[in-house]
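Number of protein chains: 2
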Amino acid sequence: MNTNQDSFSNCNPKFFHELKPTNHFVNALLTDLYQLTMAYCYWKQGRHEDQAVFDLFFRKCPFDGEFAASLEECVRFLATFQFTESDIQFLKNVIQAEEEFFDWLRNLDVSQVVVYGVVEGSVVFPLVPLLRVEGPLAVCQLLETTLLNLINYASLVATNAARFRLAVGEKSLLEFGLRRAQGADGGMSASRYTYLGGFDATSNVLASKLFAIPCSGTHAHSFVQTFSDCSQLITTKLLDSNRNEREFVQLVLETREKLGYSTNQGELAAFISYAQCFPDKFLVLVDTYDTLGSGVPNFICVALCLLEFGYKPLGIRLDSGDLSYLSKAARKEISRISRLTGKSELNQVKIAASNDLNEATLLSLQQQGHEIDIFGIGTHLVTCQQQPALGCVYKLVEINRQPRIKVSEDISKLTIPCSKNAYRLYGKEGYPLVDLLTLETEEAPKVGDKILCRHPYVERKRCLIVPTRIEPLLKMIWNGKPVEPCLYPLSQLREFCKQEMSCLREDHRRFLNPTPYKVSVSQTLFDFIHRLWLEETPIPELI
Amino acid sequence: MNTNQDSFSNCNPKFFHELKPTNHFVNALLTDLYQLTMAYCYWKQGRHEDQAVFDLFFRKCPFDGEFAASLEECVRFLATFQFTESDIQFLKNVIQAEEEFFDWLRNLDVSQVVVYGVVEGSVVFPLVPLLRVEGPLAVCQLLETTLLNLINYASLVATNAARFRLAVGEKSLLEFGLRRAQGADGGMSASRYTYLGGFDATSNVLASKLFAIPCSGTHAHSFVQTFSDCSQLITTKLLDSNRNEREFVQLVLETREKLGYSTNQGELAAFISYAQCFPDKFLVLVDTYDTLGSGVPNFICVALCLLEFGYKPLGIRLDSGDLSYLSKAARKEISRISRLTGKSELNQVKIAASNDLNEATLLSLQQQGHEIDIFGIGTHLVTCQQQPALGCVYKLVEINRQPRIKVSEDISKLTIPCSKNAYRLYGKEGYPLVDLLTLETEEAPKVGDKILCRHPYVERKRCLIVPTRIEPLLKMIWNGKPVEPCLYPLSQLREFCKQEMSCLREDHRRFLNPTPYKVSVSQTLFDFIHRLWLEETPIPELI
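Protein chains in written order, with the numbering used here: chain X, 1 to 543; chain C, 1 to 543.
These are computed hints drawn from the structure, not numbers from a lab. Heads up, a few of these hints could be off.
Since the list gives no way to pick one copy over another, a pair counts as held whenever it fits inside one copy or between any two copies.
With a Cα cut of at most 20 Å, we get these calculated EDC-like pairs of lysine to aspartate or glutamate [what the hints assert, rightly or not]:
no. : residue 1 : residue 2
1   : 413       : 245
2   : 237       : 98
3   : 312       : 429
4   : 481       : 229
5   : 44        : 245
6   : 475       : 500
7   : 446       : 200
8   : 44        : 240
9   : 450       : 506
10  : 44        : 280
11  : 92        : 280
12  : 518       : 98
13  : 481       : 356
14  : 450       : 471
15  : 44        : 247
16  : 413       : 356
17  : 475       : 200
18  : 328       : 99
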């Protein structure tokens, strides 16, 4: 087990040498072979130390903005980047190269690399670099695949979480995805980054331990199925909240009789057993046999007796059927019994729902009306059903101070050349209006100046802005070693992400057809792009 | 780095104590909290050692059959299952329980658990258990989430790979998904299990090292972009296949002139540089600037000179644009030059294609016609875009020899009770006809007997079969310790998977609207299910 929690609280540079990636798979060899074949070519050409700049960015997203995530893991990866002797021996079977090349690989490190990144938890838009990586060409190239792997899924799932948050407003959101996640660290990353994106807790115990996320969980259907009736209970007693042992089962059975319920006996025994273990955390799954005919009545009987014993029952969970109807019917029955018995506290119990929830079912539940307080979301959250991959790319934009552009048959695959800065410009109302990319060599935009912002590709699209506030988006996070501060506790990143979300103008963050947020370039950069574009594209001769 | 490769070749029981999960996240704490709260309830009830049987199975799949995968990782997980002291200390903050409970957790192991599993690489159908787990109730319960996590994605991505294999027939398939995978082990598992499912190689170097998968990769667009012209080349020479150093660049430039090509100079320099490093593995990306106007001609110039030097150029890769049109046009130009120069070997070069390929684009390419020999598939393969999660579940089917059924509002969520055996029955033509589930206590079906196979739920659906061959599907893989043989080299599993695929009748494995394969139950099991079903469902009283 690694010691993440320690390093979270120890963001002091003297602990930097202890930084390790959270997942042991994350190391220099977790890369595509072509990075190594290219590195070999550069080395052989004597060009491996050419000064390169790469941008890591995405071109489009399902949402109007993504949330940047996994910066900390990128730093951890950089901090341990090296090829082991075992890696080198393996590579010798794959690449036929001189021993000197392998010596060079052996001694490789990232001490000459500088990385600028957008703060973890920030909202980011297409084309704006999430990372700008500068340094020796071959080394920067070797970092590509791992950085993309670390950032793509983390940012995607954080964003997906933020979308669910948007869909449910202030309701509680629990992440239940581990069993359906794409591999163990699909599950671990999902727990971590959905918490960052606004979830309240996870069912994943290891993630709770490593990342200090609240943990949540009660019982499964199988638990109910293992009971046949109350004779199986090892004791019929329960300590009340004053620590007096009193007869509990008899009281539940009498309550059930009084209320005229005819329910499944095994289920009732299971609920009693659960109450005996967790009297102050009584939340049970009510759909094993028949939600309204058995589960809810059984819950009510046990809950009333817990109240009698001085405990506050928490609620029920629905995991199948028509959640809108069942939640309303369950609430109605609970209210009826609350009135009937005069136990007003019963009305405060929560209704949780799970069962393959996705954005569409959540929005539809809202339209139909429901009585659900807590949503447990698994599969669709963690696998990001709607778009299971974020398409971040890592593109060369400058070499030896010369700009580089990738022209493509596909206009959407064009890159923006040069080492760039990125700024967020805010308007009078305090909302961000536009992100502006400038040449690194240009002067920074100033508050109060009238700034011409141009669409990077479409000539006629441009606007003038007088910003009231300007936020530089790229902060140096690595300068041969980690730059302080670069590690924050997850809870702090979560708060930051929440704040970023609330900063966005309503029409940018609405669920359907959001107004696209503008990402623009300075006039100087615009001219640069278009000149290079023409230079690099051969004029086709039609025949 | 772990020592997988060693343990792959050492399937000898004396090495079993060295078995470790490939991913360090895979341990007893990688579970849902409710498994632990339930374990506590069972322990407190004194029921933790009740004898339970759980089935791990899926209810439906997009394909007509899934491929079982990850059995080896399940065994590795079981072999190391335990809670560490650090885990216990963490759990004390989450669950308020007696110290004795934590002592019990401390000493927990899986020595009393028996697991039966379907051989890795087998084709499996809905409702048939992939695993049957027997043993002490609380321990079996604690295994649920991790086993599901291990099997769900592995089986899903192996199946997805098999679908791609089906779509392209005998063409080469390369897995390129690491950068877009859902986390590091999304990438690692994808490389491993897509190879099992029929892919030929991966770009993922770490996966190649750990799992002995062939590794593939050449160069990226950025490599081309770093070159401006041939003056950057450190040498103009190249050793020919007889190890004589000869002038190469001049020859390429003359060839280009002779053929009347006007191409991008930087790209040409990049190709020459690549040829100088990998003269016998010359495969280059031709779409950085203009596929037909620059990339293909530049490839042809260098390839012709490599032939002149005694090397066999491998081919080109297309990564954007209309792959059908571009592959045909590229092939046409290559053929034209082959004829023109009399170099027939030039015609043997391969065309590789990548760029966001999925099943639909592959099928559409087949309809349009193309000249592609090798497909590189990333995002859609590894994230399983069409259905990013396999819904395996883990259900209690028996406790203390008493059958258990889960009744649900949702008929698709019913389970099949009892500890069961599963058999594959083959017909006269040698194809499997039906899978049959029987009670474990029933006699096994016999070749030549007339066997009544019933649909588990629909009364009128039944058939008679006289099997010519019967294959028991569940083999014991764990009996308190690993049962030999349970670990096979990946290449062997891949062959097995291929064989399983070819065994299926054409109409079962066709791509669109396959004939559903029948999964049935014996008459005895059918009667059992339906009796229990009625017993456990309360009769609703309509009012």
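(message) With identical chains, the pair residue 44 and residue 240 could be close in the same copy or across copies; at 20 Å between alpha carbons, which is it: within, between, both, or neither?
(response) between (78 Å within a copy, 17 Å between copies)
(message) Within a copy, between copies, both or neither: which one fits residue 237 and residue 98 at a CA-CA cutoff of 20 Å?
(response) between (77 Å within a copy, 17 Å between copies)
(request) If the cutoff is 20 Å on CA atoms, where do residue 44 and residue 280 land: within, between, both or neither? Let me know, please. (result) between (68 Å within a copy, 16 Å between copies)
(request) Up to 20 Å between alpha-carbons, please classify residue 450 paired with residue 471: within, between, both or neither. (result) Intra 16 Å, inter 78 Å, cutoff 20 Å: intra-copy only.
(message) Within, between, both or neither: how does the pair residue 44, residue 247 come out at a Cα-Cα threshold of 20 Å?
(response) between (83 Å within a copy, 17 Å between copies)
(request) Since the copies are identical, ignore which copy is meant and state whether residue 475 and residue 200 lie within 20 Å (CA to CA) inside a copy, between copies, both or neither. (result) neither (28 Å within a copy, 42 Å between copies)
(message) Reference check for the pair residue 481 and residue 229, CA-CA at most 20 Å: within, between, both, or neither?
(response) Result: close neither inside a copy nor across copies, 63 Å intra and 35 Å inter.
(request) Up to 20 Å between alpha-carbons, please classify residue 312 paired with residue 429: within, between, both or neither. (result) neither (45 Å within a copy, 65 Å between copies)
(message) I want to check one pair: residue 413 and residue 245. Are their C-alpha atoms no more than 20 Å apart within a copy, between two copies, both, or neither?
(response) neither (71 Å within a copy, 40 Å between copies)
(request) With 20 Å as the alpha-carbon cut-off, assign the pair residue 481 and residue 356 to within, between, both or neither. (result) neither (44 Å within a copy, 35 Å between copies)
(request) Up to 20 Å between alpha-carbons, please classify residue 518 paired with residue 98: within, between, both or neither. (result) Close neither inside one copy (50 Å) nor across copies (58 Å); limit 20 Å.
(message) Checking an output row: residue 413 and residue 356, CA cutoff 20 Å. Within, between, both or neither?
(response) between (35 Å within a copy, 12 Å between copies)
Comparing the model with each numbered hint stated earlier shows that hints 1, 3, 4, 7, 9, 12, 13, 17 and 18 do not hold.
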